[in-house]
Amino acid sequence: MAEEQNNTTMVVFSGDLDKAIASFIIANGAAAMGDKVTMFFTFWGLNILRKENVQTPKKKAFMEKMFGKMMPQGPDKLGLSKMNMGGMGAKMMKKVMKEKNISTLPELMEMAKGLGVNIVACTMSMDVLGIDKDELIDGIDYGGVATYLGEAYDAKVNLFI
Amino acid sequence: MAEEQNNTTMVVFSGDLDKAIASFIIANGAAAMGDKVTMFFTFWGLNILRKENVQTPKKKAFMEKMFGKMMPQGPDKLGLSKMNMGGMGAKMMKKVMKEKNISTLPELMEMAKGLGVNIVACTMSMDVLGIDKDELIDGIDYGGVATYLGEAYDAKVNLFI
Amino acid sequence: MAEEQNNTTMVVFSGDLDKAIASFIIANGAAAMGDKVTMFFTFWGLNILRKENVQTPKKKAFMEKMFGKMMPQGPDKLGLSKMNMGGMGAKMMKKVMKEKNISTLPELMEMAKGLGVNIVACTMSMDVLGIDKDELIDGIDYGGVATYLGEAYDAKVNLFI
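Chain order of the listed sequences is A, B and C. Going by the working numbering, the residue at position 61 of the first sequence is 61; the numbering climbs one at a time, nothing skipped. The number in the working numbering is simply the position in the second sequence, starting from 1, with 1000 added. The number in the working numbering is simply the position in the third sequence, starting from 1, with 2000 added.
With the rest of the complex left out, here is chain A (with noise of 0.2 Å):
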């Protein structure tokens, strides 16, 4: 029965690096114990998501050239929502957990996949960004808002990052 689980849902709304890995250690966390686990990744979180240097085939309008040139591409190049100062901050982030041994986000990413933490990416949100499929990683769903609602209401916990 969908009342017994410890279902948990989180939109992640911003693109930093360091919501992102809180984000993730959250969502692997709860795969691990076994539960369901859905991330919807909506307007900046959706960089998260994209491949580095991908050419897409469509045809793009001059905003959505722009916004995809300046949006970070994918894990490695995001920022820090604090102290970030033009990228350094999020480069010393990413030193120090390597000499501590803890997971970078792509490996982060890689342990949900491989936990069945199920990864939708906001339709709505790569319209408006002219964000295309191709340029997201592989293995994810494509969903809007009803999607979202539809776990969230089976969820334990919902959270928006």
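Hint data in this document are derived by calculation from the structure and do not stem from the laboratory. A couple of the hints might just be wrong.
[As the list claims (entries may be wrong)] Part of the chain B face toward chain A, derived, beta carbon under 7 Å:
(1) 1029
(2) 1030
(3) 1085
(4) 1088
(5) 1094
(6) 1096
(7) 1100
Model, not experiment: these values are computed from the prediction. Backbone N, C-alpha and C define an ideal beta-carbon position, used for all residues, glycine too.
Model the placement of chains B and C on the given structure of chain A, informed by the hints.
Showing chains B and C alone in chain A's frame:
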């Protein structure tokens, strides 16, 4: 019975255009599915509810005047949480959304009212920021943390945005 | 029974003064109504729990020292998430709150302790940011994501701030 319903609450703390849009899309989606939705606007979130260029009869202290002048007045004046570039980012996003026939924030807010979404302004934050009832849009409620918690305990989905 | 209680949890990720105040107002409101409240402080949120100018016996690596120096030490040093203006915004808000007899953040934190709010520092974030137990306020607990999830699954209201 309260337990049977999929009530939703949101603390809308942020006054960013992108986060405001996201919160109303979720609110309207939930309300359209027949759920009771309460949005509790606090701190910078109050700016979403401000009328433009309104004169309040209330005599304001120096700092209240300053906060009032510096904070955005209503949905058309909000900036983005990222890539705002002095307002250019917000303009770009509004232009793109219009081109793609996605509802604007003022339209989403009208829809929310029509769907019966309960909009509550946090009275303590109004006091801190020196915002008077005359300065906020009509048809909303006022309350404090107890109002919020009362709704949140009956809800299945509670978000802080 | 756990199901009968209106437990509340918060992940306090942000170290901004305004968000810290909001989180403690919600926590204290819920605790005053007799509910069990757990606040899980992670990443920048740890700065809220730091003592001022404390010397730790721990020998720190270069980057730990740098993070330690650059991050705000305790509630009096935090900035606002918006309109901070190099600290002036935070000063203004504290002044206004004092004039209106609203509790300051240190007072809210004392109240939380008195009401039995469970304050947990995230050990993984402490490790990443190089923060030692000696540097955090007394009377708090320590834990990881499993601690958080254990509380969240028993709670009705779960927020990420």
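Here is what the structure says about each hint:
Because the beta carbon of residue 1029 (chain B) sits about 4 Å from the nearest beta carbon in chain A, less than 7 Å, this interface hint is met. Hint status for residue 1030 (chain B) relative to chain A: holds, with the closest Cβ pair at about 6 Å, below 7 Å. Interface hint status for residue 1085 (chain B): violated, as the beta-carbon distance to the closest one in chain A is roughly 9 Å, over 7 Å. The closest approach between the C-beta of residue 1088 (chain B) and any C-beta of chain A is roughly 10 Å, which is over the 7 Å cut-off, so the hint fails.
For residue 1094 (chain B), the interface hint is violated, since its Cβ never comes within 7 Å of a Cβ in chain A; the closest pair sits about 10 Å apart. The closest approach between the C-beta of residue 1096 (chain B) and any C-beta of chain A is roughly 6 Å, which is under the 7 Å cut-off, so the hint is satisfied. For the restraint placing residue 1100 (chain B) at the interface with chain A, the shortest Cβ-Cβ distance is roughly 6 Å, inside the 7 Å limit, so the hint holds.
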